[in-house]
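Following the hints, position chain R against chain D.
The listed protein sequences derive, respectively, from chains D and R.
Just so you know, we're using my numbering here: the first sequence kicks off at 1 and counts up by one.
Just so you know, we're using my numbering here: the second sequence kicks off at 1001 and counts up by one.
Keep in mind that the hints were calculated from the coordinates and are not lab data.
All C-beta atoms, glycine included, are put in the ideal place defined by N, C-alpha and C.
Here are the simulated DSS-like pairs of lysine-lysine, each with C-alpha atoms no more than 25 Å apart in a straight line:
{"hint": "1", "chain 1": "R", "residue 1": "K1163", "chain 2": "D", "residue 2": "K163"}
{"hint": "2", "chain 1": "R", "residue 1": "K1051", "chain 2": "R", "residue 2": "K1022"}
{"hint": "3", "chain 1": "R", "residue 1": "K1008", "chain 2": "R", "residue 2": "K1078"}
{"hint": "4", "chain 1": "R", "residue 1": "K1301", "chain 2": "R", "residue 2": "K1234"}
{"hint": "5", "chain 1": "D", "residue 1": "K71", "chain 2": "D", "residue 2": "K26"}
{"hint": "6", "chain 1": "R", "residue 1": "K1078", "chain 2": "R", "residue 2": "K1326"}
{"hint": "7", "chain 1": "R", "residue 1": "K1271", "chain 2": "D", "residue 2": "K174"}
{"hint": "8", "chain 1": "D", "residue 1": "K271", "chain 2": "R", "residue 2": "K1174"}
{"hint": "9", "chain 1": "R", "residue 1": "K1301", "chain 2": "R", "residue 2": "K1008"}
{"hint": "10", "chain 1": "D", "residue 1": "K190", "chain 2": "R", "residue 2": "K1163"}
{"hint": "11", "chain 1": "D", "residue 1": "K163", "chain 2": "R", "residue 2": "K1190"}
{"hint": "12", "chain 1": "R", "residue 1": "K1190", "chain 2": "R", "residue 2": "K1271"}
{"hint": "13", "chain 1": "D", "residue 1": "K234", "chain 2": "D", "residue 2": "K301"}
{"hint": "14", "chain 1": "D", "residue 1": "K78", "chain 2": "D", "residue 2": "K54"}
If you want the footprint, here are the derived chain D segments under chain R, 3+ residues with CB under 8 Å:
{"hint": "15", "segment": "92-99"}
{"hint": "16", "segment": "114-123"}
{"hint": "17", "segment": "131-139"}
2 protein chains.
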Amino acid sequence: MHEVVELKNYRIDNLQYCNWSKDIFKLNHEAALDAIHVTIAYHEDFDEVQKNIKEWEGYFNDFSELIIHGKSYLDIEKAKLENKTAVFFGFQNCSPIEDDINLVEAVHQMGAVFMQLTYNNQSLLATGCYEEVDSGVTRMGREVIREMNRVGVIVDMSHSAEKSTFDAINFSEKPIAITHANPTFWHAAKRNKSNDLLKALGDSGGMLGLSLYPHHLLDGTNCTLDSFCLMAAKTAEIMGTENIGIGSDLCLEQPDAVVDWMRNGTWTRAKDFGEGSASNPSFPKQPSWFQDARGFSNLAKGLKEVGFSDNEAQGILGNNWFNFYKDYIN
Amino acid sequence: MHEVVELKNYRIDNLQYCNWSKDIFKLNHEAALDAIHVTIAYHEDFDEVQKNIKEWEGYFNDFSELIIHGKSYLDIEKAKLENKTAVFFGFQNCSPIEDDINLVEAVHQMGAVFMQLTYNNQSLLATGCYEEVDSGVTRMGREVIREMNRVGVIVDMSHSAEKSTFDAINFSEKPIAITHANPTFWHAAKRNKSNDLLKALGDSGGMLGLSLYPHHLLDGTNCTLDSFCLMAAKTAEIMGTENIGIGSDLCLEQPDAVVDWMRNGTWTRAKDFGEGSASNPSFPKQPSWFQDARGFSNLAKGLKEVGFSDNEAQGILGNNWFNFYKDYIN
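Bound-form chain D, shown alone (with noise of 0.2 Å):
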């Protein structure tokens, strides 16, 4: 019986973003990750994301002893009895879809689950967290959230600002996503998101992926496990413990130039330094105890230590994106 109960506990990360590579899949094998949703486009426009899918299609390839390509709930089930990660597509901005509605059903069929209707900065469809004044989801969003919710693309939220992700939760006749954030009332930074806007995720069945970025962590690099914890207990408390699961936002032997692209894309000749500074213009360095995914083995325990029941904590360690996903995409 026990082997039988285990399968049924899964472990995901609703968000990585590396400079991929056999090491780096290792390490989230090693992490015993059954899926994981990672990036493929922050800029990148509909060819651009089919160059990005075509090295994923490499990746497939030559490392099918730790990878597949996650498509349905039921390839989580394949890679846990495999022992391998399923690998979801998602983008962290609407740039794939262009200015074209018929793009979403094309993204879609090229394997993307997850969509954020904005990056930092005002969308097509929304307002990003960056900008001074949100005027929420727009013409051209209402009609999209309505593509995507008929082909089974997800909303994701993390990247933008208050009013709009309300809009989305609101027009959106399935739950959205918040695959990689925090909460303000630990950590007051412009991506994080208020109690109100949890509480309405948590009441609409939307899941917030909990990050391990350091520029949303309280104390930054030197955030403590207890402190994520204790707080991912009170995140519960507001929104429902099954509404909660990780998003790492783990981005893993990135350099510097990536993150200057992700902040800069093509929007600016200035140089925007987004959640860094003038004087700390790098990936920030993980905390000791989240490195990597490996960490989740830390998560579990501190978990547990703050007052989780296994349950609970299988759930947010894996489970309750499992369910999402289930719902979702079948």
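Using the frame of chain D, we list chain R on its own:
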């Protein structure tokens, strides 16, 4: 002496989007237009605009007895001397620069003189007049305005929402234009502009091109010349006679499929009727006194009848736009 004075009076229609043909260039020639600003993009991206420019190169070649390509205000003088019409390019949307600020310089080199920051919807740069909420000029919008100022592309806010337009006036180091719209006090169309905005536009040295498009006119197709010219007189009181010109928005010989595309582009799978309606989806009919650009002669009479001096009327009919071009593109 008479001829020299005449030479200094220009006739300019600062917005046309016709189904171009020799016949239409002839109508503009009969109307003695020295310059027109033509729309070469509504939803087109960078590559698609290049195709449109190729088409225009064909027109300049085939109809060289009627038109020349306008790149500087000097081309308006040249066209007048040669009894031709100088054609200046503009975009009614920022779609040709996609999400890349570096394309501003590229489109300028391709001949773009005007660029709207938005068509009716939200863009990456600003909010269009059909959105429910106007967040103003975005982070990318500020950067792009600076770049447009640097390379010499004129900001056009004809289809933009109010806060966005105020922002553009404030952020732009050079005066901006509203190439084709009318005042709201006369006809409260979404596309028309408030007195406060017109005053700010005039105070900043910007230009308003009065529109002859029936949806922008009091009583639409049945609008009278007298009503139009009285509106011009009141507008002049608000923003200064020298800041007013004509931007007729003539869409001669366009099939209804074009207005459908202008309104819907690829942003919705539903049908949007813009300024029309389900029962009235077509291009509207022009008023009897402005069937085409030859109506400029009616405007000349009408403006004088409502009290404009000869100099003021000549300003509105072209000299004001000429002076604006002279300051901007030289």
